[in-house]
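Engineer: Each chain, written out:
Protein chains: 2
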Amino acid sequence: MSAALKGAQIYFGPFLVTSQVTYSPTPHQQTKSNRLTPHKVFHLTPLSFALVNLKPILPGHVLVSPRRRVPRVADLTAAETTDLFLTVQRVGKMVERVYGASSLNIAVQDGPDAGQSVAHVHAHIIPRKRADLDHRGGTDAVYDLLDGEEGDLRRAFVEGKGAQDGEGEGERRPRAKFPAVDNEGRSPRSMEEMEAEAEMLAREMERMEKEDVE
Amino acid sequence: MSAALKGAQIYFGPFLVTSQVTYSPTPHQQTKSNRLTPHKVFHLTPLSFALVNLKPILPGHVLVSPRRRVPRVADLTAAETTDLFLTVQRVGKMVERVYGASSLNIAVQDGPDAGQSVAHVHAHIIPRKRADLDHRGGTDAVYDLLDGEEGDLRRAFVEGKGAQDGEGEGERRPRAKFPAVDNEGRSPRSMEEMEAEAEMLAREMERMEKEDVE
Chain A
1 MSAALKGAQI YFGPFLVTSQ VTYSPTPHQQ TKSNRLTPHK VFHLTPLSFA
51 LVNLKPILPG HVLVSPRRRV PRVADLTAAE TTDLFLTVQR VGKMVERVYG
101 ASSLNIAVQD GPDAGQSVAH VHAHIIPRKR ADLDHRGGTD AVYDLLDGEE
151 GDLRRAFVEG KGAQDGEGEG ERRPRAKFPA VDNEGRSPRS MEEMEAEAEM
201 LAREMERMEK EDVE
Chain B
1 MSAALKGAQI YFGPFLVTSQ VTYSPTPHQQ TKSNRLTPHK VFHLTPLSFA
51 LVNLKPILPG HVLVSPRRRV PRVADLTAAE TTDLFLTVQR VGKMVERVYG
101 ASSLNIAVQD GPDAGQSVAH VHAHIIPRKR ADLDHRGGTD AVYDLLDGEE
151 GDLRRAFVEG KGAQDGEGEG ERRPRAKFPA VDNEGRSPRS MEEMEAEAEM
201 LAREMERMEK EDVE
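Taken in order, these protein sequences are the chains called A and B. Start counting the first sequence at 1; every next residue gets the next number (full-length UniProt numbering). Start counting the second sequence at 1; every next residue gets the next number (full-length UniProt numbering).
Just so you know, not all the hints are guaranteed correct.
It does not matter which identical chain is meant; a pair holds if it fits inside one copy or across any two.
Claimed, not checked - Below, a list of computed lysine to any residue pairs in the SDA-like style, where the Cα atoms sit at most 25 angstroms apart:
id, residue 1, residue 2
1, Lys-55, Val-213
2, Lys-93, Arg-130
3, Lys-55, Ser-102
4, Lys-129, Met-208
5, Lys-129, Pro-46
6, Lys-210, Glu-80
7, Lys-55, Leu-16
Treat the hints as calculated values from the structure; they're not laboratory data.
Next comes chain A alone, as it looks inside the complex (with noise of 0.2 angstroms):
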């Protein structure tokens, strides 16, 4: 074991999520003798963290992020994001596994004007049963939920469970709302507009490709 590793905190953007970690340096195995002690981390690899939520939407309602610290997707190393999704999709598979789901919503609110409160990277994944929130009412509102799960989140995080120098009030930001758009007064597109947009498109991700290239 990694002495650097051996008792490591981890933080989702200021807040401290476990006190006391062991750790095993294999990715994407932890074996019995060096469980974690999670506080709100169960499951820990060399790039990410997994851990449980306060208020979840659904049971089973977890979130996987990059264990440094970065705002961004596009701030990630290519290592970083692919452990992080690797990571998202094992423990996707195990959430509704363990809650009896039968699909999962899996979320990136990618920056402040998508909906995101805490600056740090982190995937929802959110296991789905049929008609699972049915009772609930008639209205979809996803958006709503993730965007009052995050205030709630973050809320519950500043009320004194971790924030480090009351840095997790100084980082709140106004948050972007989806509201409702008509999609039936949405026109769909000619096949014209659609091909050249597409093929704007594709000598964007070249030129950005050559750029990186050189």
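Given the structure of chain A, go ahead and fit chain B onto it with the hints provided.
Structural biologist: Just chain B now, kept in the frame of chain A:
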């Protein structure tokens, strides 16, 4: 260039989304000489592709899918998962810049009970700007948007844009909605409850990974 890949036809679920593709076998690189001839696909890697939307929720709303047609994230190999989300990262960075946005919503409806309508893994990437939807109303409803968009996508494809042998219709499934939940009504859980859940999930991850190794 691989002869097998030259001119490959790309399917999104049962729907043909590109009639002719020229292809660079180098991951994440396209040069001017082998640019895609896109129908709707604008980017192709060895294991993933990106395509534009018929009815984008917001400008620059695109999809990224694995080339292999599988319904669930759990069905993807590690190489496919890695390639898919590195492509999401790169395409997201590009559309955010090109459409002058400041954030991204990244969402996967992983299975029919999470709102998936086309049984082929796909990540939505939606560029966001500050207050970009405020003029549309006040209700948070991204799943109304995504469900609407998903429905529109399927309908548009089925209406004659490349479905194979009526497969599009055959695949139609009831889709889950994501109704509003009263966030205020959800009580924060106790620390004991969260720790018990975290410990249970840590054990389940260990068990799953031990089984994978054996």
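Engineer: Return the numbers of the hints above that this structure violates; sort them in rising order.
Structural biologist: 1 and 5
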